[in-house]
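Based on the sequences and whatever the hints tell you, model everything.
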Amino acid sequence: LWHAGYFRQRFWFKYGQVPEKMHWHPYSYPGLIPLKNIIKIKLKYEEVYLKIWKYYVYSYKHDYAIPLVLLDADIPQNKEHIRRLTEQLYRSDNSWLKIMQRVILGFGGIVALRELGYKIDVYHLNEGHAVFAFVEKARGLKEEEFRKLKDNFVYTCHTPIEAGHDRFCPEELAGVLNDEDFSLVARHGRESTGLINLTLLAMNTSSSINAVSKSHKEVMGRQFPKYKERIAAVTNGVHTHTWISEEFKKVFRAFPDVFSDFEANPMILSRAKELKSNMDFRKMVWEAHQANKRRFCSFLEKWKLKENCCTVCWARRIAVYKRPSLILQDTKRLVELAKRIGPLQIILAGKAHPNDNLAFTFINEMLDKVDALAGSYGFLKVVIIENYEIYLAQILTSSVDIWLNNPLPPLEASGTSGMKAILNGVIQLTTLDGWVPEAQDKGIGKIFGSRDETTVMKGDTQLRLREDSQELYTNLEELMRLYYHTNKEGKVDLASAWIDMMIDCIATSGYFNTYRMLDQYKYDIWKL
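Heads up, the sequence shown is in this note's numbering, so the first residue is 647 and it goes up one at a time.
Honestly, the hints are just simulated from the structure, not real lab data.
A quick note: this is a predicted structure, and the numbers were derived from the prediction, not measured.
Note that beta-carbon positions come from the ideal geometry of N, C-alpha and C, so glycine has one too.
It cannot be assumed that every hint is accurate.
What the hints assert, rightly or not - The following label-pair restraints were derived from C-beta to C-beta distances: (1) 763 <-> 907: 32 to 38 Å; (2) 952 <-> 681: 18 to 24 Å; (3) 1096 <-> 925: 36 to 42 Å; (4) 1004 <-> 841: 19 to 25 Å; (5) 1166 <-> 1003: 35 to 41 Å; (6) 681 <-> 900: 53 to 59 Å; (7) 684 <-> 838: 39 to 45 Å; (8) 1120 <-> 929: 29 to 35 Å.
As the list claims (entries may be wrong) - Quick list of in silico lysine to aspartate or glutamate cross-link-like pairs, EDC-like style, CA-CA up to 16 Å: (9) 1092 <-> 1123; (10) 725 <-> 693; (11) 860 <-> 1123; (12) 682 <-> 761.
Structural data, given as structure tokens:
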């Protein structure tokens, strides 16, 4: 239970991103229930007490609920340095803090479930952060019982990026864990460098390993060749009810014979292609998008954005491999495109981890270029929005014309922002990485950039900013021409290939959702 959340983002053009600490009071949060239960974790030199909270996550019809159990170290029974362990999300100040947060999640998670009386058949570890859950369950087991315990654990890897795979010196872990626990961790998690790798520990103690897209599965196989044959792929999806706009819900409800209960089974959206020649459907798709765009312009009214201006958006977590400033590499060419074809609006948003200095460099570069382009607002308007969070993401993914996604292949495990956008008929301009190879032949937009992954996997850190940005502009030009052919000052050509692509996006979203994803987990991974 993170009392200070992540952080609130502010931009100062002189200093770049300035993180502001957040504070919220759990007792004031609607539906968050403080339980009387307090559990204890006994470590080598510490005792950690954790208060249990519970929150119920309801289905879209509110006819079913999943209990969410949260752990809180900020209670009087703990020493001050222990109380701060559940203060802020994603802190990485030092190894001890990271280890202790993983101890709380893993050991504490199992103890809390036991305290509350839950009987669990399958423990699903997402990343190695919670792998100490296995260690807690394995205490005192004989060899045969230990092997059987693996059948109760499955592991999902969510990133190929090295920083996402926790590695600790044995001495650091030995100073926290008791001797029996450390022995297990070292035996199953030590890599050739001598460090203890929690990803390795999770793979060695789970019955199933999976990546989060088919392309990520191939990357994992190259990263961990010993486990290649064991790695499955379950491509990520997005929660349709959360990310589909009200305007598009109205469109689908207007065609009940085709879409029936699309909210209960969003895979039925794949039938959108059946209506490609239906001019009423095409008109409603366009009008729903325009209504979303008007809401977007109203929400960002201080920037004076225009409804009938081609609008591109890049918005997600800011990390080096995601190349957030790629579209701003050649601002002269951008201005020239806007003058020659039609005005262009570019929206940028995202948070960089406070300890990621390279990501801060990208933010500074973006702010400088946005400032320098202020004189081109008649043709090209670039807006960078601070404090990117879910509500803003819902507005952006449902309302812009083109969703830009340009990670350097093969470093994106999946990505989901594009999935949220296609659900609302937003056309893609993307590199071939993550989930995109599984949709590349579906007509959802334009694909650009290098497809040679070998140099990156060998450690070449060249980001290909110049080469890939030029391809980006070439493809953007084609999309802009089609947009302004389709939308001539508010007069729409309903037969345009642009609307074909919008419908193809909607149809493709029928696969990239949590309904299909959870079915795969249920039958292929959890074996329920």
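A quick look at each hint next to the structure:
1. 763 <-> 907: 32 to 38 Å: 35 Å, holds
2. 952 <-> 681: 18 to 24 Å: 52 Å, violated
3. 1096 <-> 925: 36 to 42 Å: 40 Å, holds
4. 1004 <-> 841: 19 to 25 Å: The hint (19 to 25 Å, Cβ to Cβ) holds, given that residue 1004 and residue 841 are roughly 23 Å apart.
5. 1166 <-> 1003: 35 to 41 Å: 38 Å, holds
6. 681 <-> 900: 53 to 59 Å: 46 Å, violated
7. 684 <-> 838: 39 to 45 Å: Once the Cβ atoms are compared, 41 Å apart, the range 39 to 45 Å for residue 838 and residue 684 holds.
8. 1120 <-> 929: 29 to 35 Å: 31 Å, holds
9. 1092 <-> 1123: 11 Å, holds
10. 725 <-> 693: 9 Å, holds
11. 860 <-> 1123: Distance of about 30 Å is beyond 16 Å: violated.
12. 682 <-> 761: 11 Å, holds
The structure is inconsistent with the numbered hints 2, 6 and 11, although it conforms to all the rest.
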